[in-house]
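Based on these hints, arrange chain H on the given structure of chain V.
Number of protein chains: 2
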Amino acid sequence: MYELVVPQFAKMLRNLLANLDEAGKYAGERKFEVDVLLQSRLAPDQFSLMRQLQIACDTAALGAARLAGTEKDAPVNADTEQTMGEIKARIESAISYLRGFSPESFAGAAERRISQPRWKGKTLSGQEFLIHHVIPNFYFHITTAYAILRHNGVGLGKKNYLGDMPYREPA
Amino acid sequence: MYELVVPQFAKMLRNLLANLDEAGKYAGERKFEVDVLLQSRLAPDQFSLMRQLQIACDTAALGAARLAGTEKDAPVNADTEQTMGEIKARIESAISYLRGFSPESFAGAAERRISQPRWKGKTLSGQEFLIHHVIPNFYFHITTAYAILRHNGVGLGKKNYLGDMPYREPA
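As given, the protein sequences belong to chains V and H, one line each in that order. Numbered per the numbering used here, the first sequence spans residues 1 to 171. Numbered per the numbering used here, the second sequence spans residues 1001 to 1171.
Only chain V is shown next, with the shape it has when bound in the complex (with noise of 0.2 Å):
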């Protein structure tokens, strides 16, 4: 749980980082001002690029919390980033908060019985809670993320999503 969780998000969400800095560069080939991509959707009963990555970060750092029963000490965010300065700034907080969390902090994590405000006393087993809700809607939102930067021209590939391999070399 602890690899599915802190490293393997934490690399999704420094990728996401790498990418934010590709629009910047982007934006000033182009010379328009890059925070206009956080207003940026695909459908305009969707969330902005903006609600993408604030979401993203939630469902990385609440996840990890609920799963590891530390959901009181979580870091409570307003959602009033404007810039891309500060949505950055909140992607980096959300890492070093991920970082925070050992092998150890998901002892009995799978039997946990979780809940979310939303779901009015309904509960998922933190095993369920983590496949059913936690990775879908992490992955949705930084793909997500990545098509709204894709749709408006953004020079990215899967490569960019995906990351480093931990490729081992031929013998």
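Take these hints with a grain of salt, some might be off.
Said to hold, decoys possible - With a cut-off of at most 25 Å between alpha-carbon atoms, the simulated BS3-like pairs for lysine-lysine come out as follows: (1) Lys-1120(H) - Lys-159(V); (2) Lys-25(V) - Lys-158(V); (3) Lys-88(V) - Lys-25(V); (4) Lys-1011(H) - Lys-122(V); (5) Lys-1031(H) - Lys-1088(H); (6) Lys-120(V) - Lys-1025(H); (7) Lys-122(V) - Lys-1158(H); (8) Lys-1159(H) - Lys-122(V); (9) Lys-1025(H) - Lys-1088(H); (10) Lys-11(V) - Lys-1122(H); (11) Lys-11(V) - Lys-25(V); (12) Lys-72(V) - Lys-25(V); (13) Lys-1158(H) - Lys-158(V).
As the list claims (entries may be wrong) - Just so you have them, the derived chain V footprint on chain H, three or more residues with Cβ under 8 Å: (14) 1003-1009; (15) 1037-1047; (16) 1087-1099; (17) 1109-1121; (18) 1134-1142.
To be verified - Partial chain H-side listing against chain V, Cβ under 7 Å, derived: (19) Val-1034; (20) Lys-1072; (21) Val-1076; (22) Leu-1162; (23) Tyr-1167; (24) Pro-1170.
Read the hints as simulated data drawn from the structure, not as lab findings. C-beta atoms are modelled at their ideal positions from N, C-alpha and C, and glycine is treated no differently.
Same frame as chain V, now just chain H:
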């Protein structure tokens, strides 16, 4: 590993089938040929919806087969689908194929050395392959397919992507 790959990927592919059904209804209402959507894409140098769907199927089926060490028995697809009916049949086929795996299929999978033709002899452990490659790629293509449908006006929401949750009701 079984829970992450077999029932959950099959569930996401079933959700995808339901979302393609919604696309069909939308095409009927708006009186356009639904197969037009299969050639839609979010950027000119990104794969079309059809290709996203084909790769989602392959990522699930070949991912499971490589983890289980049964890659040589995995289905080979010519990627010749042209219509919504054909790609839906392929998704059904991938779901059926996944159902052939059991928890025992993945005994020793985390330590297995795994490669793909394009990696030129480099390998990942099964655990690395699952976490760094299979899961992020699978959700990438499922989410991008969803995003292409949303961008074209199909009336979907996050619940259509996530599907049902195995909630336990409050006591």
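_Violated hints, by number in ascending order, as checked against the structure_ = As far as the earlier hints go, 6, 12, 16, 19, 20, 21 are violated by this structure, in ascending order.
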